[in-house]
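Numbering (numbering that gives the first Met the number 0), first residue to last: 0 to 441.
One should not assume that every hint holds.
What the hints assert, rightly or not - Per label pair, the in silico range of CB-to-CB distance: (1) S177 - F288: 36 to 46 Å; (2) K396 - Y143: 20 to 30 Å; (3) P290 - L257: 58 to 68 Å; (4) L37 - F118: 21 to 31 Å; (5) V252 - K109: 44 to 54 Å; (6) F118 - A26: 31 to 41 Å; (7) L429 - F336: 49 to 59 Å.
Note that these hints are calculated values from the structure, not bench results. The beta-carbon is built from N, C-alpha and C at its ideal position, and this holds for glycine as well.
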Amino acid sequence: MSKRIITACLFMFFLTVATAQEKLNYAEVDKQSYQLFLEEKWPELIQFSEEARKQGIDFFYLQARTGIAWYNLGKYRNAVPWFLKAYANDKSFEWLQEYVYYSLVFSGRKLEAIKYAPFFSDAVKKKIGFEETGLTRFAYETGYSFNQDFETLKTRAFSTEANLGEDYGEGYFLKNYSFHSVDLTHRVAPNFTLNHNLTYIGANREAVVDWGGQTNSPIRINQFNYYISPVWIIGKRLNISPSLNLIFGSGDVYAGRLTNNSSKAYSIKKTNYSDAVFSTAVWSDFGNFSPGMEVNAGSINDSKFAQVSSWLTYYPLSNTNLYITPKVYFKSGTDGFGWNAMGISGGATLWKAHVSAQYLFGDMENFVESAGYVISNFPGKSDRKIMGSVYFPIGKKYQFVFRYINQNVTEKYQVYTGGYKSNALEYNYLKQTITGGISWNF
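Input sequences plus hints: build the corresponding full structure.
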């Protein structure tokens, strides 16, 4: 008997729910959703709007109210599609124009926000500070990197380890380097942004030559990187950004030679070099996910290569307060085209500061990181890199950044027999980098 009673109660419950669902109509949905809106009952409003849509009821104000509910909960990525649906139905409301703009900005999709901004009213454009063209960002960053194993490497007996004998051996040991970087971003058109970067790197190395005895000399490398990248949106949300990174510099080579009377002499020779990398990145946004892919092709250290990377950024809170991005890299090599590195990065907002971290591992030689911006074109290779950054905003226009990078590097002590490479000893060291910078947003 008890089972029959329970079954009857369940049947009456579902019948009541079904009957209640059938009673929903446009006027009822408008009235109840507006009341929930006035009472700021955001979760209830979201749930009620979902139920109304299941019954085929949807209209401009319900879409806008749903977006506002998600927005006030801080779920900006969930709010965006509802604001865009409402905006597609009626573009005249200034309050809706603001919601469209800021929900996209707070979702990390500012390029899309800028795409809509030209069609806003003059009052809204002024309020959000929109200009169709002009300078949008300027930044300066400087840093110092050092090899904590420099003294150990400099005094290490490589000639003994390599059984050098009468052969010729040489090694170039990184001591430290400093860099200065300037970023400039300007809007050429509402849907077209151009990014520039110019970086100078000054590296100090110690050249050690073993040839019937050891001699050494400090050497200097001066390098400039120029990076240019246009960015625009195709269709509604497909971002595309080709880029070109030109690298040119000069360095010292310390080497021994035989004079006319067959005596040994050592001298420093100046050399010039240039590298270039072309990249194209595409990415988009789907709810709380942002997939992307990049293709790189170029020549580094006289070695041509092709590299492909892909990633997927996940925003678990539906905003930029927390995100995580796994990445995978593939590259052409002597064994063909295959996997060469993986990475994971992420970020979180803590109070007013934003912290981010990155971990890369794999076979990183002549390596191009995502965005085609950071290129490892110095000698050697790495199989691990860790980076942490802290951003401190000051007001609405300024932001300070501090970074720490920890990376292991493998290079070679080279042995020559009769003028030809005959043997090599690999050595490892830890490179640590500290940087700081400031940016201005216009």
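Hint check results:
Against the hinted window of 36 to 46 Å, the Cβ-Cβ separation of S177 and F288 comes to about 39 Å, which satisfies the hint. Look at K396 against Y143: about 27 Å separates their beta carbons, and that is inside 20 to 30 Å. A hinted range of 58 to 68 Å holds for the C-beta pair P290 and L257, which are about 59 Å apart. A beta carbon spacing of about 30 Å between L37 and F118 agrees with the range 21 to 31 Å that was offered as a hint.
For the pair V252 and K109, the beta carbons lie near 46 Å from each other, so the given range of 44 to 54 Å is met. With their beta carbons about 32 Å apart, F118 and A26 fall inside the hinted range of 31 to 41 Å. Between L429 and F336, the C-beta spacing of about 31 Å breaks the proposed range 49 to 59 Å.
Going through the hint list in order, the structure does not satisfy hint 7, though it satisfies all others.
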